[in-house]
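Novice: Sequence:
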Amino acid sequence: MNFFCFGLNHRTAPIEARERFAGHARSPALLRDLGCSEVLLLTTCNRVEIYAAADTNIANEEIAQSLRIEGGSSAKNDLEAFYRKENAECARHLFRVAAGLDSMVVGETEILGQAKRAYAEALANGNAGPLLHRLCQRAFRAAKQVRAKTQITRGPVSVGSVAVDLAEKIFGDLRGRKVLVLGAGETSAKTLRALASRGVSDLRVSNRTPARAEELASELEGLAVPFGTWLEQCREIDILISSTAAETHLLTPPLLVPILRDRADRPLFIIDIAVPRDVAPEVNEFDGVYLYDIDSLQQIASESHELRRQQLAAAEAIIDEHVADFQKHLGLSKSGTRPTKECPARVSGELRTSEL
41 MNFFCFGLNH RTAPIEARER FAGHARSPAL LRDLGCSEVL LLTTCNRVEI
91 YAAADTNIAN EEIAQSLRIE GGSSAKNDLE AFYRKENAEC ARHLFRVAAG
141 LDSMVVGETE ILGQAKRAYA EALANGNAGP LLHRLCQRAF RAAKQVRAKT
191 QITRGPVSVG SVAVDLAEKI FGDLRGRKVL VLGAGETSAK TLRALASRGV
241 SDLRVSNRTP ARAEELASEL EGLAVPFGTW LEQCREIDIL ISSTAAETHL
291 LTPPLLVPIL RDRADRPLFI IDIAVPRDVA PEVNEFDGVY LYDIDSLQQI
341 ASESHELRRQ QLAAAEAIID EHVADFQKHL GLSKSGTRPT KECPARVSGE
391 LRTSEL
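With my numbering applied, the sequence shown corresponds to residues 41 to 396, in that order.
Calculated from the structure, these hints are not laboratory results.
Beta carbons are placed, not taken as given, at the ideal position from N, Cα and C, and that holds for glycine.
There may be inaccurate statements among the hints.
What the hints assert, rightly or not - Now the in silico label distances, taken between C-beta atoms and shown as ranges:
| no. | residue 1 | residue 2 | range |
| --- | --- | --- | --- |
| 1 | E259 | G75 | 44 to 52 Å |
| 2 | T96 | A57 | 23 to 31 Å |
| 3 | R215 | V297 | 25 to 33 Å |
| 4 | R51 | D73 | 27 to 35 Å |
| 5 | T288 | E325 | 38 to 46 Å |
Taking the hints into account, I'd like the entire structure generated from these sequences.
Specialist: In structure tokens, the structure reads:
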């Protein structure tokens, strides 16, 4: 049985393409129908990837189509943006991804938690068997070792911190600025904390689940805004940072027109770090509105964190060791058998007790 990774990321595809392949709840089931015995779907703001095991070769176009958002047209024209890695190269890729070495912000730690959640979901849905279990557990161990033995995660490393770097480039000193953050997930939380650390005292957060927004607002001495009224806040704020899981645009030109009338020519800076995007790109055509998306952060990310780049060689050496060891152990037990009935419970227990 072979295993492979198939996907696209911020290096191979612009956001316009990535948001068409955000994956969906049925993607693993569609891949099982195509012949995959084990499937894991990893989706973040910068990547959409499938890790799978199969006895037969499955065409790239069929896999890409399973990832396309429901109702989308053929994936054939986007195939050049995808990469496919088999067996040892698949293992190397996942180990690097989990360790934050393949991220837009090198060394960021959010991806490890996202990978763990993707594995837990595959396990809960019966899509992860012995092969993916070994692959993921080794990836988590490799990531932990990279973090422990190098300085690659030193300093603020997250998409949120880079978004705040961008805001600081625009305004200089952020103290005295009014900022609204849409969404209250991990990325939004790190963004809010980064803003607070730069001296922003007027922090506002809005989320579909009020309790989470209130929790973050309380932690940072900010204001929780009911999700139904967040748009009204745009009459007052200087910066809007959006990171929700909306399936459609939350902010469009018709919604923004009456807001801009009340802003008296004050500029509005919008940083949209959601995928799919929360803000319609046409919003950037208004005078006084400056819209940046997740891809706009790449240049800032590459300009900073030189220390982490200096740590890459040591981190890659750790990855090499884990790949070699994983290959050796997989070679000793490559039976090609499918998961037994006892496997899910055993795997689940090991996941819970892993020191991650």
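Novice: Indicate, hint by hint, whether the structure satisfies it.
Specialist: Status of each hint after checking the structure:
| no. | hint | verdict |
| --- | --- | --- |
| 1 | E259 / G75: 44 to 52 Å | holds, 47 Å |
| 2 | T96 / A57: 23 to 31 Å | holds, 28 Å |
| 3 | R215 / V297: 25 to 33 Å | holds, 31 Å |
| 4 | R51 / D73: 27 to 35 Å | holds, 30 Å |
| 5 | T288 / E325: 38 to 46 Å | violated, 19 Å |
Comparing the model with each earlier hint shows a violation of hint 5 alone; every other hint is respected.
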